[in-house]
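Enquirer: Using the sequences plus the hints, can you model the full thing?
2 protein chains.
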Amino acid sequence: MAKQQREISVSEFFTKNRHLLGFDSPTKALLTTIKEAVDNSLDACEEAQILPDLLVEIVPVSENRFRVIVEDNGPGIVKEQIPRIFGKLLYGSKFHRLRQSRGQQGIGISAAGMYGQLTTGKPIVIESRAGKRKKAHHYTLVIDTQRNEPVVKKDREIEWGKSQGTRVEIELEGVYKRGKHGVEAYLRQTVLANPHVTILYKGPGEEEVRIERASNALPEEALEIKPHPYGVEVGMLLQMLKDTNSRQLKGFFQSEFSRVGPKSATSIIEASGLSTTTSPRRVSAERAEALIATIRETKIPAPPTNCLSPIGEERIEASLKLQMNADWYTAVTRSPSVYRGNPFQVEVGLAYGGDLGADELATLYRYANRVPLQYQQGACAAFKAVLATNWRSYGLQQSRGALPTGPLVIMVHVASVWVPFTSESKEAVASYDEIIKELKLAFQEAGRRLGRYIKRGKRIADDERKRKYIEKYIPHIGIALKEILGLTDRQEKKVVDTLTDTLERSRKT
Amino acid sequence: MAKQQREISVSEFFTKNRHLLGFDSPTKALLTTIKEAVDNSLDACEEAQILPDLLVEIVPVSENRFRVIVEDNGPGIVKEQIPRIFGKLLYGSKFHRLRQSRGQQGIGISAAGMYGQLTTGKPIVIESRAGKRKKAHHYTLVIDTQRNEPVVKKDREIEWGKSQGTRVEIELEGVYKRGKHGVEAYLRQTVLANPHVTILYKGPGEEEVRIERASNALPEEALEIKPHPYGVEVGMLLQMLKDTNSRQLKGFFQSEFSRVGPKSATSIIEASGLSTTTSPRRVSAERAEALIATIRETKIPAPPTNCLSPIGEERIEASLKLQMNADWYTAVTRSPSVYRGNPFQVEVGLAYGGDLGADELATLYRYANRVPLQYQQGACAAFKAVLATNWRSYGLQQSRGALPTGPLVIMVHVASVWVPFTSESKEAVASYDEIIKELKLAFQEAGRRLGRYIKRGKRIADDERKRKYIEKYIPHIGIALKEILGLTDRQEKKVVDTLTDTLERSRKT
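Sequences listed follow chains A and B, in order. Using my numbering, you'd call the opening residue of the first sequence number 1 and step up by one each time. Using my numbering, you'd call the opening residue of the second sequence number 1 and step up by one each time.
Source of the hints: derived by calculation from the structure; they are not laboratory data.
Straight-line Cα separation of at most 27 Å, DSS-like style, residue types lysine-lysine; simulated pairs:
#1 A:LYS242 with B:LYS154
#2 A:LYS384 with B:LYS384
#3 B:LYS226 with A:LYS16
#4 A:LYS16 with B:LYS242
#5 A:LYS16 with B:LYS384
#6 A:LYS16 with A:LYS177
#7 B:LYS94 with A:LYS16
#8 B:LYS16 with A:LYS384
#9 B:LYS16 with A:LYS226
#10 A:LYS16 with B:LYS299
#11 B:LYS16 with A:LYS94
#12 A:LYS242 with B:LYS16
#13 A:LYS16 with B:LYS437
Expert: Here it is as structure tokens:
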């Protein structure tokens with residue numbers, strides 16, 4: 001038996017378990033590929049403070065085969081990094097960093113390339129230029145799944161019209177769907193939560209569509225933070241003690257954690273029976289446990305929240321107005337909060353009335369770090385929080401266990417340095433109590449505003465109805481009086497005017 | 001930005017995403033740890049054709065901290081393999097093999113050790129002896145999560161009473177629960193689907209419990225098979241063409257695949273515009289595509305099914321009888337079938353009446369490759385197939401979208417060389433059409449038998465009622481006749497006997 005024991009590369013693992021990454025059906029595979037490429041482009045543009053202009057194109061190759069192209073105007077990628085970013089799973093810059101970004105794991109785009117390779121045998125094609133003064137590079141590469149390493153097939157300098165940007169091309173087996181769950185709808189949802197983005201989209205055999213930005217303002221830059229002590233466990237602490245450059249415990253605590261000043265560092269260390277000058281490497285597992293226990297009893301301020309970049313109420317409203325034709329809009333951005341030491345922040349937008357379907361269940365758009373979530377709605381904290389909110393008290397109908405009914409779009413955004421997804425395919429946010437609570441508070445605030453609007457709307461409608469009655473019946477009374485009393489036309493008009501005026505005045509008081 | 005790009009080890013990935021492996025809550029973490037150790041022990045024992053005798057012990061260390069010990073009488077592990085099997089994720093013997101086994105990925109036990117290390121800082125302790133003539137070894141090791149490599153802390157020879165076996169000890173933070181979803185219930189469910197296993201269990205502060213085997217017969221050995229051509233895609237074919245030792249395409253097809261003989265090999269190759277003597281390494285991506293297209297149009301027999309080892313109808317019934325006190329039992333083992341080229345087989349057992357709760361929803365026990373599935377019932381093919389079966393036609397009550405109601409236990413086993421789980425934590429089987437179909441057929445067969453039993457039961461109950469009427473009223477008729485006709489006691493008795501006899505005979509016809 002011993003001879004058969006061997007290492008399994010992470011690429012082999014995910015090849016066999018591709019459903020874990022969102023490649024379980026041909027329709028989903030196509031959408032996931034586009035999603036991963038778009039996520040990467042937007043992260044790169046924002047990190048370089050560039051307003052993103054994306055091109056997304058799907059070229060049909062045969063019935064169930066497509067070439068997906070995503071091109072951006074981002075900062076480009078330095079030549080040396082290209083093979084590993086696109087041809088190695090679990091490689092990236094975002095995993096070891098506490099900061100809000102779309103990508104987290106360093107898996108997505110390589111997995112999409114691997115799926116393409118698996119279903120069509122075709123390599124992934126990358127072109128990238130890292131600025132005017134640099135040459136553009138063309139790469140063709142495949143993944144050696146047994147070693148999880150890129151194998152470069154072609155590598156050459158090319159002429160490129162653009163001064164900077166990256167273009168990715170993946171050929172894959174897939175199924176193209178239009179409509180509510182199609183690619184165009186997905187891209188529209190993306191722009192809805194990213195009002196600074198413009199996407200030019202060309203579906204297979206379709207007209208080019210331009211989904212325009214609602215705002216020229218880039219999102220606030222999200223900064224990197226250190227871990228907060230409340231989110232650290234013994235094992236992680238031991239690792240940090242081993243890895244640190246600090247020579248003394250006090251310095252270690254101050255430099256490696258958020259919100260630990262000299263005073264709290266000293267008190268944590270001394271309360272755990274250690275000295276501030278102890279070398280971090282010499283702290284035993286038992287002492288590390290004592291440190292964790294002390295930390296949990298110490299009052300430490302909440303982590304900084306400049307690691308988050310919410311969309312903002314104003315921009316959510318503007319974006320909703322641009323993307324859908326409703327009568328009324330509102331948005332709520334909550335203050336940041338914390339789960340397991342990780343800062344997070346929730347936002348809710350509502351659009352009501354107008355062209356939205358009045359007799360249908362409300363439409364829920366879910367986002368995590370500005371990325372639309374398309375599947376597993378039932379498993380998502382956002383969905384659960386909508387159900388746990390009593391929308392009837394805001395003037396809507398709602399059956400038990402269901403979304404409210406009415407001409408309503410609910411948009412939910414959860415932003416965090418580490419979104420707790422229920423699976424790697426990032427389809428649903430795990431139901432941490434803290435997240436559910438914040439979501440409910442946001443729904444309540446937005447819901448109250450909606451309730452007021454709906455009530456006001458009802459009052460106006462009542463008024464309107466009464467006014468219509470007056471308009472309708474008073475002329476008849478005029479005609480009747482004229483006949484009975486033998487009034488002249490002028491007298492009749494005067495009676496009608498007086499009556500209308502009196503009733504209007506009585507109606508308004 | 002380029003400088004921050006770096007490799008993420010699979011251990012780091014799963015440390016941060018521990019919920020993906022079933023360590024998302026302290027209760028689940030404890031159960032998952034036991035599950036992983038038990039799965040490994042059972043796989044090892046069966047592979048070595050040893051009747052498994054397991055010891056499972058949970059020693060309380062402090063309120064939310066436990067030491068989990070699992071010891072087996074298996075073949076032991078050779079010294080050199082121990083560190084990597086227990087201290088490296090994605091390492092094992094089962095991933096690259098098409099054969100029914102509990103473990104698939106080479107992640108489980110190392111992940112459990114990593115979780116223990118993370119929450120308590122304590123290493124994993126392994127003792128193992130690979131036979132009488134070998135020395136027993138004691139290992140203490142941790143995982144270097146940044147490199148996904150084991151770090152051995154202690155390594156020494158020890159005296160061990162047993163001639164062979166393996167003992168694993170993991171200390172972790174957890175919550176211990178009793179009852180329906182507790183550890184003992186889990187182990188009982190394990191023995192239910194593994195009637196050849198005996199487990200001695202000692203919970204924290206509890207009496208020792210012995211869960212006894214129902215059968216001394218080991219399961220049929222599952223053999224390894226080659227992949228079936230229908231389950232192969234272009235990318236995988238290209239990889240196989242690269243890796244093969246065959247020098248000619250014909251030999252390649254015959255040796256690397258199931259069910260491809262010389263005739264079909266030749267016809268596939270020639271229909272794809274290639275020659276049987278072509279070197280596999282020289283087949284282009286385009287030609288590989290042509291091969292795949294031809295394969296899909298070629299009639300190839302279903303894969304061999306000796307890679308599967310079902311429990312068997314007789315043993316399921318025996319096991320149900322031993323484990324629960326019901327009135328009636330049945331079991332159905334379907335013939336093997338195939339999804340995406342992978343052979344699979346489903347089995348269903350029913351227990352009805354007796355001590356089982358009559359007014360509750362039926363209890364569903366789900367198994368995949370003999371391992372109980374504890375979570376995510378709603379997402380599982382087995383659950384969906386139960387709902388899609390009309391149990392009312394078998395004499396049970398059933399509301400829409402719910403399990404049937406009645407004193408019923410439904411046991412479902414899906415065995416396959418590659419069980420398509422919906423997540424790495426292996427909690428639910430994905431709903432492939434072929435699997436759902438087989439499950440429904442098995443439920444129907446078992447359900448029809450149940451329906452006959454329930455109907456017979458109803459007939460017996462009717463009979464019983466009629467008999468009671470006779471017993472109750474005839475004596476009164478006797479008394480009345482005696483009074484009216486002035487009969488003697490003997491005459492009265494004779495009349496009563498004659499009447500009873502007549503009515504009994506009429507009732508039975």
